[in-house]
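Protein chains in written order, with this note's numbering: chain A, 1 to 399; chain B, 1001 to 1250.
What the hints contain is simulated information worked out from the structure, not anything from laboratory work.
One or more of the hints may lead you astray.
Simulated restraints on C-beta separations [said to hold, decoys possible]:
| no. | chain 1 | residue 1 | chain 2 | residue 2 | range |
| --- | --- | --- | --- | --- | --- |
| 1 | A | ALA309 | B | ALA1015 | 26 to 36 angstroms |
| 2 | B | VAL1017 | A | ARG390 | 50 to 60 angstroms |
| 3 | B | VAL1017 | A | PHE286 | 31 to 41 angstroms |
| 4 | B | THR1012 | A | GLU62 | 50 to 60 angstroms |
| 5 | B | ALA1021 | A | PRO41 | 41 to 51 angstroms |
| 6 | B | GLU1014 | A | PRO242 | 38 to 48 angstroms |
Just a sample of chain B residues kept apart from chain A, beta carbon distances all over 10 angstroms, derived [unchecked claim]:
| no. | residue |
| --- | --- |
| 7 | GLY1025 |
| 8 | GLU1073 |
| 9 | GLN1089 |
| 10 | ASN1188 |
| 11 | LEU1189 |
| 12 | MET1193 |
Now the stretches of chain A that chain B is said to cover, found in silico as 3 or more residues with beta-carbon under 8 angstroms [what the hints assert, rightly or not]:
| no. | stretch |
| --- | --- |
| 13 | 23 to 32 |
| 14 | 57 to 64 |
Only a predicted model underlies this, so the values are computations on that prediction, with no experimental measurement involved.
We put the beta carbon where it would ideally sit given N, CA and C, even for glycine.
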Amino acid sequence: MQTEVPGTYTLPNIKHAFDLMEEQRMVRDMVREFALAEVAPIAHAIDEEHRFPEENWKKIVELGLPGIPFPEELGGSNGGHLSYVIAVEELSRVCGSTGLTLAAQVSLGTYPIFKWGGEKLRKMYVPKLIAGEYMGAYGLTEPNAGSDSGGTQTTAVRDGEQYVLNGAKCFITNANYAGTFICTAVTDPKLGPKGISAFVVPRATKGFSVEPGEKKLGMRGSDWASLVFQDARIPKDHLLGPEGEGFKTFMKTLDGGRISIGALSLGIAQGAYDVAKQYAQEREAFGGKLTALQAVQFKLANMALDIEASRHLVYHAARLKDAELPYAKEAAMAKLFASETAMRVTYDAIQIHGGYGYSREYPVERMWRDAKLCTIGEGTSEVQRLIIARQILRETKGA
Amino acid sequence: MKIVACIKRVPTTEAQVKVSADQKGLDTAGLSWMTSFYDELAVEEAIRSKEKHGGDVTVLTLGPSEASKDVREFLARGADAGVILKDDQWHARDARATAKILCARIQKAGAELVFLGKLATDRDNGAVGPMIATMLGWACVTDVVALELNGTQGSAKRETEQGIETVAFALPAVITCQKGLNEPRRANLKGIMAVKAKAIPEESFEDVPNQQQVQKVEPPPARKAGRIVGEGAAAVQALVDALRNEAGVI
C-alpha cells in the first residue's frame, strides 16, 4: 500500500518480519498515519525555520505517546518499550526532529523520575510530564564534560534543607519547554564519579535559568538550550536517588535512552531508503531507470540489509527491557549499529539522488544532517564501543 | 440510547482489483482490505452522538474473521462493542440480502439509531442503508453532512445535487454519512491498550439468498493511448485543428 505525502513523497508499508503483538501493530499503524498526515507536511519547514512545532507536540500528547511505557495510575498506558520505540521510529521516518523530541521526553525527561524518584517525586511530576503540562529535560553534558561525564564541574553543596547548585549545562534537548530538569552535580569532589548526585530542578527555581541554545547542523525542529545555576537552591527531597549515586543513575538512564536513539536512527534510515528507492525507480538515466544499474542496486541492497539488521537489534533491546532482563550491551549495540547505518544510508540516499539530493528541495540532505546527531547524542559511537567492550570482557571473566 | 454503526470491508483504494476467473465477481486472492471510507464517518458520528447524548455504540459488520482488525480499531476510538456476522462471501452478497441480515441483528440489539456510510467504496450501490430503514419502517436520511439530535427528534443537513437540504425526522432512524460530516479521530494509546485483549464475538445468522444474480463483471475498457501532435509553437495549429475537427470540443 502506498500513501501519498502532500508535496513530498510516498511511504510504502514496511512488511515486518517481526511477530508484533496486536496492540504494537495498532500503535505502529496509528503513529504512521499521524506522521504522514501531520508531521511529514511540515518537516521541511521546521528544519528551514529552526522552529519547534508546538502544535504537533500537543497532538502527540493527545495521542498518548509520551505515556506509552508508564503505568496507568500515573496517566500512562502501560504499552511497553517496544511500542514506544516503534512510535519513535515511525515519527523519525518522516521527521528526525519530532522523533528526537519524543525520545528525549520519555527516556530522559520522564523515565529517571519514574524509576528513581520515589513515591513523592514520581506522583508530583510524572503525571504532568505525561499529560503535557510541560516537557522534561535532562542535563548531563557540560561545556567541559561531554563523553567524560565523570568530569562534571557543576557543584551541589548541602545547606540545611536545601542543596545549592552552581555551574552550567549545554545542548539540553526540550529545555525551553521543560518544567523539570534532571541534572547532575558534584556533592563530594573527593569521590570522583561516586561523588556525583542527581537532582530534579523545577523550572521556577531562583538562581536557575535557561539560556538560548546554539544553531545546529541538523535536528533543527528539535529544541535545545543551555542551563545556568547561580546559587540555585533545590529542596533536599528533590535529590534523585541516594546522594553519590547520580552517575550510576545517569548511566542506567542512558542505557534505556540508547534504545530510543537506535529507533530514531532506524526511522531516519528507513525514511531515506524509502525516498531513495522511489527516486531510483522513477529517474531515467543511461536509457533506463536508475534501478537497472547494478551500482544503484547494490546501494539499495546494502541499505535494506543494514536497516533490517538495525531493526532486529533495536526491537531485541526493547524486548529485553520489557522482559526486565539486562540490556545495556544490546542497547549500546543497537544504538551504535543503527546510528552508523543511518549515516551510511542517508549518505547513499543523497548519492542516488545526485545533484537533486544535494538540493534542499529534496528531503535526503535533511535526513543526513539529522542522522549525524545519532552518532553523538546519548554517547558517541566511541563511547558505545567502550560500553560493549566493558560488557563482553566482563562476560568472558564470568564464563 | 442504543446506537449501531455498520461497517464493510472493501478492497483498499490502492488495490489492483482483478475479475475472478468465472467473471462473476472479484478475484480476492492477495487483495488488501480496509474499512470503507464513508463507514469511518458513520462510526465517528455514532461515537460523537453517544458522547453528546449518552448510550452505547456497537460496531456491526457482515464479513470474515479478519474484520476483527477493523472492528478493534473502532473500539480503540471509543465504540463500546463489536459484532462480526461471520461471512466469507460478504463481498458477493446483494444489497437486499446484506440489509436483511444486518436488520435482524440491529433489531436484536434494540437499536434506535443506525449509522452507515452513504455507500461502500466497492460496488457503490448506496442501497443497504435505505433498505434497512424500509425493512424496519424507520426514518431514513441519506448523504448527511450535519446532524443534530434532540431527544427523539433529529435534524440533518443532506447533500443533494441541487444543494443542501435540511430535514427533520423522528427516531428511530437510519442515517447514511457523506464526506464533510466529521473528521474521524485517531485511536490514542489508552484506547489501543484498553481493547488489545477484548474479545470480538463472531456470530452466525439466518442465511438470506441473493435476489440479484450478477451475470458478468468486466474491467473498464483500456483507455486509448494519447497522441503528441508536435512540439513548441509549431504544434499549436495542429493542436487547434485536432481539438476542433477530431475532438469537436472547441
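Hints, one by one, checked against the model:
1. For A:ALA309 and B:ALA1015, the Cβ-Cβ distance of about 31 angstroms falls inside the hinted range of 26 to 36 angstroms, so the restraint holds.
2. A beta carbon spacing of about 57 angstroms between B:VAL1017 and A:ARG390 agrees with the range 50 to 60 angstroms that was offered as a hint.
3. Taking 31 to 41 angstroms as the suggested C-beta distance range, the pair B:VAL1017 and A:PHE286 conforms, at roughly 35 angstroms.
4. One distance hint, 50 to 60 angstroms for the beta-carbon pair B:THR1012 and A:GLU62, is violated here, with the actual separation near 27 angstroms.
5. Here the CB-CB span from B:ALA1021 to A:PRO41 is close to 43 angstroms, well matched to the stated 41 to 51 angstroms.
6. Roughly 57 angstroms separates the CB atoms of B:GLU1014 and A:PRO242, a value that falls outside the hinted 38 to 48 angstroms.
7. Non-interface call for B:GLY1025 relative to chain A: holds, since the shortest CB-CB distance, roughly 22 angstroms, exceeds 10 angstroms.
8. The claim that B:GLU1073 lies off the interface is violated: its Cβ sits roughly 7 angstroms from the closest Cβ of chain A, which falls inside the 10 angstroms cut-off.
9. Residue-level check passed: B:GLN1089 sits 24 angstroms from the nearest beta carbon of chain A, beyond 10 angstroms.
10. Here B:ASN1188 does not stay apart from chain A, with its beta-carbon only about 4 angstroms from theirs, under the 10 angstroms limit.
11. Remark: the non-interface label on B:LEU1189 conflicts with the geometry, its nearest Cβ contact in chain A lying 3 angstroms away (cut-off 10 angstroms).
12. The non-interface label for B:MET1193 is inconsistent with chain A: the shortest C-beta to C-beta separation is roughly 5 angstroms, within 10 angstroms.
13. Look at the stretch 23 to 32 of chain A against chain B: 4 of its residues bring a Cβ nearer than 8 angstroms to a Cβ of that chain, three or more, so the hint holds.
14. Restraint check on the stretch 57 to 64 of chain A versus chain B: 3 residues with Cβ-Cβ distances below 8 angstroms, three needed, restraint holds.
Hint check: violations occur at hints 4, 6, 8, 10, 11, 12; the rest are consistent with the structure.
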